[in-house]
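Visitor: Here the protein sequences come in this chain order: A and B.
So that you can map any letter, position 227 of the first sequence is 227 in full-length UniProt numbering, and since no number is skipped, the others follow by simple counting.
So that you can map any letter, position 38 of the second sequence is 38 in full-length UniProt numbering, and since no number is skipped, the others follow by simple counting.
Hints are computed from structural coordinates only; laboratory data are not their basis.
It should be emphasised that the depicted structure is a prediction, and the values quoted were computed from it without experimental measurement.
Where a beta carbon is used, it is the ideal one built from N, C-alpha and C, also for glycine.
Treat the hints with caution; some may be incorrect.
Restraint-style ranges between C-beta atoms, simulated for each label pair [said to hold, decoys possible]: (1) A/Asp-15 x B/Lys-130: 21 to 27 Å; (2) A/Phe-154 x B/Val-153: 43 to 49 Å; (3) A/Pro-144 x B/Leu-53: 39 to 45 Å; (4) A/Thr-21 x B/Lys-130: 16 to 22 Å; (5) B/Asp-221 x A/Asp-57: 41 to 47 Å.
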Amino acid sequence: MNLTLKVWRQSGPKDRGRMVTYRVEDVSPDMSFLEMLDVLNERLILEGDDPIAFDHDCREGICGMCGMVINGVAHGEQVATTTCQLHMRHFEDGATITIEPWRAAPFPVIKDLVVDRSSFDRIIQAGGFVSVPAGSAPDAHSVPVRKEDADAAFDAATCIGCGACVAACPNGSASLFTAAKITHLSLLPQGQPERLSRAKAMVDQMDAEGFGGCTNTGECTAVCPKGIPLDTIAQMNSDYLKANAK
Amino acid sequence: MNVTATIERGAATAPVIPPKGEEKPRAKRPGGFLTSSNGKKAVMAVTGAVMVLFLVGHMLGNLKIFAGRDSFDEYALALRTLLEPIAPYRTLLTLVEIVLVVSVVLHMWAAISLSRRAAAARPVKYAARKKSQAKGYATHIMRFGGITIALFVVWHLLDLTFGVVNPKGFDSSPADRMIAGFDPSRWYVTLLYIVAVAMVGLHLRHGIWSAFQTLGVANRDRNRALRAVAGLGSAVLVIGFLAPPLAITFGVVQ
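All chains should be modelled from the sequences, with the hints used to inform the complete structure.
Guide: Given below as structure tokens:
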């Protein structure tokens with residue numbers, strides 16, 4: 001496969017940045033998207049150029065490190081797939097592919113396609129924890145959890161914090177991420193003591209970071225590599241309103 | 001041979017200490033429900049619900065025109081004389097108007113404030129054309145639709161409430177204004193109403209469901225039903241509001 005890439009290049013946080021066009025030839029359809037970029041980077045290094053910086057770690061779709069906006073869609077058009085699990089066979093030979101970093105004020109670009117997502121860390125720090133008694137770990141079956149609650153909590157807990165929801169949201173909102181974390185804990189017995197204070201603290205931190213508000217467009221859940229459902233946001237709203245009513 | 005590997009813990013996960021003067025944001029003002037994005041959304045949901053309730057009443061009243069001019073005029077008078085011996089003329093109507101104006105103002109305030117927040121959250125736009133991945137169309141025209149509806153309401157009040165742009169003027173019966181306003185010769189006015197009411201329908205198809213979601217009522221089990229309520233509710237309103245002007249323009253009601 002021969003491809004034309006239009007890639008966002010930005011040498012550092014202060015650089016203005018620009019789209020740069022590259023030709024990549026002899027791409028195997030079995031390559032992952034990141035491997036295709038690896039091939040391009042090897043060539044760039046040999047040519048004495050600066051390789052394209054992008055985040056990646058596990059390359060098996062579970063760590064949440066990778067992520068780029070491919071042809072205007074976070075993680076590309078393949079549904080429920082991280083960029084590392086996206087394969088070149090989903091692209092046509094001779095295609096032009098636009099690659100951009102996540103675009104959001106709370107995700108400043110560090111370099112090229114790498115953005116600083118520590119705003120997510122601070123949202124977690126604000127309330128994404130449960131209080132547990134110290135000592136040895138309790139038996140796994142000592143606290144009963146309804147099957148439905150366990151399933152719904154687990155669905156929310158599959159969030160890998162990649163930030164695609166923010167990238168796809170027309171408002172740059174982090175609602176799906178924050179809601180996934182809130183729902184994950186608020187459906188389990190262990191999460192009950194801080195349930196309302198958690199919702200308030202995490203939503204307030206989300207606002208303080210400069211993320212936009214949710215308009216329920218559902219763009220986030222459509223691109224989410226883990227398919228986090230939109231009703232987690234209703235759960236977050238419910239907890240947040242209850243916290244404020246108190 | 002003894003080999004001890006020393007792993008420097010924390011090097012990879014240690015928090016990055018921000019350089020001086022670049023302190024990262026903290027949630028400064030805890031509380032401030034109305035300054036929070038979720039609080040503003042709740043305001044939009046509640047004020048939107050008030051306006052939807054008003055629309056239902058308004059639509060039912062409009063349909064009175066099918067019962068004849070007199071029936072419609074009696075209804076219009078009844079709105080003003082309701083509670084008459086206890087409260088002065090137009091008490092209830094004035095109260096409704098106040099609640100509506102407050103709702104409209106708060107709805108617009110929240111919308112503008114959230115739009116500005118959204119614009120600030122994405123200072124750099126995507127170069128690639130943004131494709132909607134969620135199959136929603138109405139969801140992406142809420143702001144544009146809201147402005148269109150607001151402009152229409154201004155025209156609508158000038159037309160049928162104050163009679164400024166109505167051929168019968170202010171000193172006429174409500175039924176006269178309505179029937180003259182949608183006269184076949186003024187087909188363009190009917191056309192304007194069709195476009196505006198369709199816009200209201202699209203706005204509500206997303207808005208009604210969105211209000212349930214924002215107020216935390218929606219969940220996995222209820223979503224299908226709530227979306228149906230939103231879809232059916234907006235369809236009924238569109239049909240109910242378009243029936244009188246179309247009937248008048250096509251001469252069914254005279």
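Visitor: Hint by hint, work out which the structure violates, then give me just those numbers in ascending order.
Guide: 5
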